[in-house]
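Engineer: This is what each chain is made of:
There are 2 protein chains.
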Amino acid sequence: MKELTVDLGERSYPIYIGEGILDQIGGLFDKHGISKISPILLVTDSHVAEHHLAPIMGKLQESGYSVVSHIVAAGEKSKSLGVLEDIVTTALQAGLDRKSTVVALGGGVVGDLAGFVAASYMRGIRFVQIPTTILAHDSSVGGKVAVNHPLAKNIIGAFHQPEMVLYDTATLQSLPERIVREGLSEMIKHGLIWDAEFTQWMEDNAEKLIALDQEALQYGLYQGCRVKSIVVSQDEKENDLRAILNLGHTIGHALEAVANYNELHHGEAISIGMVGSAKLAMKLGYPEHIYTVTKRILQKFGLPTRIPAHLDTDAIMSAMMHDKKFKEGTMVFIIPTAIGKVEINKNVSTAWVRDVVEQLKQEA
Amino acid sequence: MKELTVDLGERSYPIYIGEGILDQIGGLFDKHGISKISPILLVTDSHVAEHHLAPIMGKLQESGYSVVSHIVAAGEKSKSLGVLEDIVTTALQAGLDRKSTVVALGGGVVGDLAGFVAASYMRGIRFVQIPTTILAHDSSVGGKVAVNHPLAKNIIGAFHQPEMVLYDTATLQSLPERIVREGLSEMIKHGLIWDAEFTQWMEDNAEKLIALDQEALQYGLYQGCRVKSIVVSQDEKENDLRAILNLGHTIGHALEAVANYNELHHGEAISIGMVGSAKLAMKLGYPEHIYTVTKRILQKFGLPTRIPAHLDTDAIMSAMMHDKKFKEGTMVFIIPTAIGKVEINKNVSTAWVRDVVEQLKQEA
Ligand SMILES: NC(=O)c1ccc[n+]([C@@H]2O[C@H](COP(=O)([O-])OP(=O)(O)OC[C@H]3O[C@@H](n4cnc5c(N)ncnc54)[C@H](O)[C@@H]3O)[C@@H](O)[C@H]2O)c1
Ligand SMILES: NC(=O)c1ccc[n+]([C@@H]2O[C@H](COP(=O)([O-])OP(=O)(O)OC[C@H]3O[C@@H](n4cnc5c(N)ncnc54)[C@H](O)[C@@H]3O)[C@@H](O)[C@H]2O)c1
Ligand SMILES: [Zn+2]
Ligand SMILES: [Zn+2]
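Protein sequence lines correspond, in order, to chains A and B. Under numbering that gives the first Met the number 0, the residue at position 291 of the first sequence is numbered 290, and the numbers go up by one with no gaps. Under numbering that gives the first Met the number 0, the residue at position 228 of the second sequence is numbered 227, and the numbers go up by one with no gaps.
With the rest of the complex left out, here is chain A (with noise of 0.2 Å):
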C-alpha cells in the first residue's frame, strides 16, 4: 500500500493506494477516530453500486460501524441541489450528527456531490473519499465539492477537505474502457504541467495503464495525486497557482458545452483543449516539440485530438469569452512552455484562440 500526504496544515490528510485495500477499511477508519457511535452516511451511484457497495457495506458492518447507504442514479445530473436534499433526508431520517461522516463511493460525480453534503450537513461533518474512477485522483484532491446548477456547472459549492482518501485500484477493474481513457487524459495533464519524468513514464506504459495493470495503475494515480497535492498545497483557497491545472480546460470546457455535454467526455475534450494549448505555446515562440510530443502521448492513449468539424467556431468562441477564467476582458491561458513545465499567460490574443480552434478541426 502506498500513502502520500496531502499538505495542508491543520487539514492534512493522507490518501491511502493499493489494489484490495478495502478489505482493510475497517482497521483504516478506526486509525483515523471514524465514530462507531453515530452513524455513517455512504453515497454512491447506480453503476458502482452494483459492483462494489455490498462488499464495503459488510466490511464496515463487521468492523462494528453503523453505516447507511444512498444511492443516486449515475450520471452528472445527480450532482443537483434537489439530490442533495434527498441525501440529506437520508441522513436525517438515519440520525446522522455532528460526529457522522460521510464517505463518497465512486467517480468524481459522486465525490463532489457527498462532499458537498459533508460539508455543508449540520455545517460540516467529516468526509472521507473512496474514489472509484481514474479521473477522481484529480477530483479527490484539493477539497474543491459542489453541486451544478441548471446554468452552471459547480457553481454551489465549498472547499472541505477529507479526513482521507482510499483508493482500491481493484475498484477500477469494472469501469468502461471510455471512462479509463478519459481519467488517463487527466493524469497526463498532472505530468504536463509539473513533471517531464513521469510524463515520459506515462508514454512508455500506456499500455499497461489502459489495461489496468495493477502496479502501473498504483504508480501513476500516486504521482498524478502528487503533483495536484503539490500545487493545492501551494494555493489551497485558489488564488494563483491552482489555476495551472487548468491546462487544456478553457477550450476544453468550451468544446464539452457547445457539444451538449454529451458528445465528447470531460477527459477527451480536455485532451483537445491540451493540444490547443501546445499549439498556442508555437504562436507564443515555444518550441514545436511540445505540441509533438503531447500530441503523440494523447494519441498513445486513443484520446481526441482534433475537434469534431461540425462543431461551430463562433459558438466554441464564445462559450469561452463566458469562462470565468476571463476577466474583465483580459484572456487567460495556461500555456506549456516545455513539457513538464506551464506558465499562467494573461495575454493570449482572441485571434491566435480563434485561430488555433481552426486548425484543431482540421487536425490530423
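Accuracy of the hints is not assured; some may be wrong.
Any copy will do: because identical chains look the same in the list, a pair fits if it lies in one copy or spans two.
Think about it this way: if two alpha-carbon atoms lie no more than 20 Å apart in a straight line, the pair counts; the simulated PhoX-like pairs of lysine-lysine are [what the hints assert, rightly or not]:
no., residue 1, residue 2
1, Lys345, Lys1
2, Lys282, Lys340
3, Lys58, Lys282
4, Lys282, Lys345
5, Lys152, Lys98
6, Lys58, Lys207
7, Lys30, Lys282
8, Lys282, Lys360
9, Lys98, Lys236
Don't read these hints as lab results, they were simulated from the structure.
On the provided structure of chain A, position chain B with the ligands as indicated by the hints.
Structural biologist: For chain B with the ligands alone, coordinates are given in the frame of chain A:
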C-alpha cells in the same frame, strides 16, 4: 455611529450601529473595498423591500456600484434550497463573479439565506449584512448561515463571516410590535448569560426599547452584539462555550415545534424557555431570585412566561429528546447560576425537566 469589532483573527469584521447610517452606505462600501466592477446582489424579503429597498439601491447606484436585487417571500419558508437555487439564477444572470458581494437586507431569515448563498456561490464570495430586525443582532454575529430542510431547521449551511454589518436603527421603525418584542427577548438573553449590569439596564429601559427610542436601541443592540461577539470570538466553530447562547432554547425549540411553528414566535418561545431554565436552576440549588428577576424582566417586555395549556407535555418532552443538544443520552442544559452568569450543566434529569414543563403550564 457606534462601532464594534467581532474579533476573529483574519476574519474579524466591524458592526456599525447608528440611526440613518445607510445614507453613508456608499462610503462604507468603498472603505471595505467592495468591488465596483463586479456586480453586487442584494437579497431581501417582500416586507422589507416595501419599506427599505428603493433608497438603498439608489444610494449604491449613486456611489457607482452595480447592483441587482432579488426579493423573496417574507417568512421562514424562504429559507430553502429551492429559493437558494432561484437566487443563484439571479446571480448568474447578473454575472456575479468571485469578486462580487452578496448583501442581506432583512431579518434573520434573509441573513441566513443570503449568507448561505454567499458561502456557497463559487465556493464563497463576500457578504455584507444589513439587519432590519432586532433579533438579527443575534443572527448577524457569529457567521452561522443556513437553510432549512423539510425535516429539520438550519440543517444545511456553513460558517461564513460577513465583511461588515450595517445596523441602521432607523429601519426598525417599520417593524410590527410583536416582532420588536420577540427580538428584545434575545437581547435579554444576552444580558442574562453574560452581563448583570446590562440586564439591569434593559429592565430600566423596557419602555424606551419597545417604543424604539433610537438611543436606547443603539445601546441595547451594541451590548447584545458585544456579548454575542465575545462568546463567538472565543469559540468560532461551536465546540463548547458557544452553547451558552442556547439559554432557554432547548425548551423554546420544543415549544415552537409542538406549536407547529405558528402559534409561538421564536423569541416568545425562548422567553418561556428562559423561565424554565431559571426553574431548573432552583432545583439545582441556585437562588430563587434568579427566577424572580428573569420572569419580572420578561413580563416588563410583554413576553410570555407560561406554556399555553393546550400544548401536550409528552409532545414537548419528546421534541426535546430529539434536540441535537442531547448527545448520547445525556441531557445538557444551560443553567443560570446568577443574573448575568450561566453554566453548561450536563446532568439535568429528564424528570426535573418534565416537572418544570408541567409547572410552566400552570405559571401565573
Ligand atoms: N472536485 C474537483 O476538484 C473535480 C476535479 C475534476 C472533476 N470533477 C468532477 O468530477 C466529475 C467527473 O468525474 P468522473 O469522470 O469520475 O465521473 P463519474 O463519477 O460520473 O463516473 C463516470 C462513470 O463511471 C461510472 N463508474 C464510476 N466508477 C465505476 C467503477 N468502478 N466501475 C464501473 N463504473 C464506474 C459512473 O457511474 C459513471 O457512469 C464531474 O462532475 C467533474 O465536475 C471534480
Ligand atoms: N444565524 C444565526 O446565528 C441565527 C440566530 C438566531 C436566529 N436565526 C434565524 O433568524 C430567523 C428569525 O429572524 P427574524 O426574527 O429576524 O425573522 P424574519 O427575518 O422572518 O423577520 C421577521 C418578520 O419581520 C419582517 N421584517 C423584517 N424587517 C422588517 C422591517 N424593518 N420592517 C418591517 N418588517 C420587517 C420580515 O419580513 C418578517 O415578516 C430564523 O430563521 C432563525 O433560524 C439565525
Ligand atoms: Zn478536469
Ligand atoms: Zn434564538
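Engineer: Hint by hint, say whether it matches the structure.
Structural biologist: Hints versus structure:
1. For the homomeric pair Lys345 and Lys1, neither the shortest alpha-carbon distance inside one copy (38 Å) nor that between copies (44 Å) is at most 20 Å.
2. For the homomeric pair Lys282 and Lys340, the shortest alpha-carbon distance inside one copy (17 Å) is at most 20 Å, but the shortest distance between copies (71 Å) is not.
3. Proximity of Lys58 and Lys282 under a CA criterion of 20 Å is satisfied in neither setting, with 55 Å inside one chain copy and 48 Å between copies.
4. For the homomeric pair Lys282 and Lys345, the shortest alpha-carbon distance inside one copy (14 Å) is at most 20 Å, but the shortest distance between copies (70 Å) is not.
5. Within a single copy, Lys152 and Lys98 get their C-alpha atoms only as close as 30 Å, which misses the 20 Å cut-off; across copies the closest is 18 Å, which meets it.
6. Taking the closest pair of Cα atoms, Lys58 and Lys207 never come within 20 Å of each other, the shortest separation being 30 Å inside a single copy and 65 Å across copies.
7. For a Cα distance limit of 20 Å, the shortest separation of Lys30 from Lys282 qualifies neither inside one copy, at 53 Å, nor across copies, at 43 Å.
8. In this homomeric assembly, Lys282 and Lys360 come within 20 Å of each other (Cα to Cα) only inside a single copy, at 17 Å, whereas the closest approach across copies is 82 Å.
9. When the C-alpha separation of Lys98 and Lys236 is checked against a cutoff of 20 Å, the pair qualifies only between copies, where the shortest distance is 14 Å, while the shortest distance within a copy is 25 Å.
When held up to the earlier numbered hints, the structure conflicts with 1, 3, 6 and 7 and fits the remainder.
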